[in-house]
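Peer 1: Sequence:
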Amino acid sequence: MSSIAAADTYITPEAYLASERRAKYKSEYIHGEVLAMSGASRAHNIITVDITTELNIQLRPRGCEIYSGDMRVRTSRTGSYFYPDVVVVCEKPRFEDNVFDTLLNPILVVEVLSPSTEVYDKGEKFAHYQELASLREYILVSQDRIHVTHHRLMESQWAGKEFHTPEDVLLLDSIECKLPLQDIYTRVTLSD
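Quick note on my numbering: the sequence shown kicks off at 1 and runs consecutively.
In short, the hints are calculated from the structure, not lab data.
Note that beta-carbon positions come from the ideal geometry of N, C-alpha and C, so glycine has one too.
Treat the hints loosely; a few may be bogus.
Stated by the list, open to error - Restricting the straight-line Cα-Cα distance to at most 30 Å, the calculated cross-link-like pairs of lysine-lysine (DSS-like) are:
#1 Lys-92 x Lys-178
#2 Lys-161 x Lys-92
#3 Lys-26 x Lys-92
#4 Lys-161 x Lys-178
#5 Lys-122 x Lys-26
#6 Lys-122 x Lys-178
#7 Lys-161 x Lys-122
#8 Lys-92 x Lys-122
#9 Lys-122 x Lys-24
Stated by the list, open to error - Pair by pair, the computed Cβ-Cβ distance ranges are:
#10 Ala-133 x Arg-60: 24 to 34 Å
#11 Ser-19 x Gln-157: 29 to 39 Å
#12 His-31 x Ala-133: 28 to 38 Å
#13 Asp-173 x Val-99: 23 to 33 Å
#14 Thr-189 x Phe-95: 13 to 23 Å
#15 Gln-182 x Gly-39: 34 to 44 Å
#16 Asp-173 x Ala-36: 33 to 43 Å
#17 Ala-18 x Gln-182: 42 to 52 Å
#18 Pro-61 x Thr-9: 19 to 29 Å
Let's have the full structure, built from the sequences with the hints guiding it.
Peer 2: Laid out in structure tokens, this is it:
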């Protein structure tokens, strides 16, 4: 996901949702500002699909739901809305309304980093995701080199750990899954 220009005027969350549901292109929403999203690179798409596939295989027997790219997540009552690259919910999904396109209770979120969004995804966006009472794990995946940061909620504090080799395996405690880095990066060309 790549964010571009923000609007100069305040938009209500209700106006954003009404507009977004009719829009041809996705936009995120942060406290009254609409952020248009640009397309993702080939590597970004491959990594997102491979993470989704690997987790779906492990989660399907347990009834968890996994969404890739198009499930909007609301992070606060005041209304911030994002489109994570991968999102998982293992309890009964709760949605904002009966349109069922805005998830309220993800347990795990994955963002594949783009050069234009890396700082934002690591900082401000992560702060917004932390507003979710249900969230237990937040994963940031580089698309141009083997580098994954795995944030886990440990009691009331977030702890991060970095992984850099294809032999590394993420242990996703909240959903009882394993995610080998070799499976994330096997089909993309990486920088040296």
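Peer 1: Does the structure break any of the earlier hints, and which numbers would those be?
Peer 2: Violated hints: 12, 14, 15, 18; rest satisfied.
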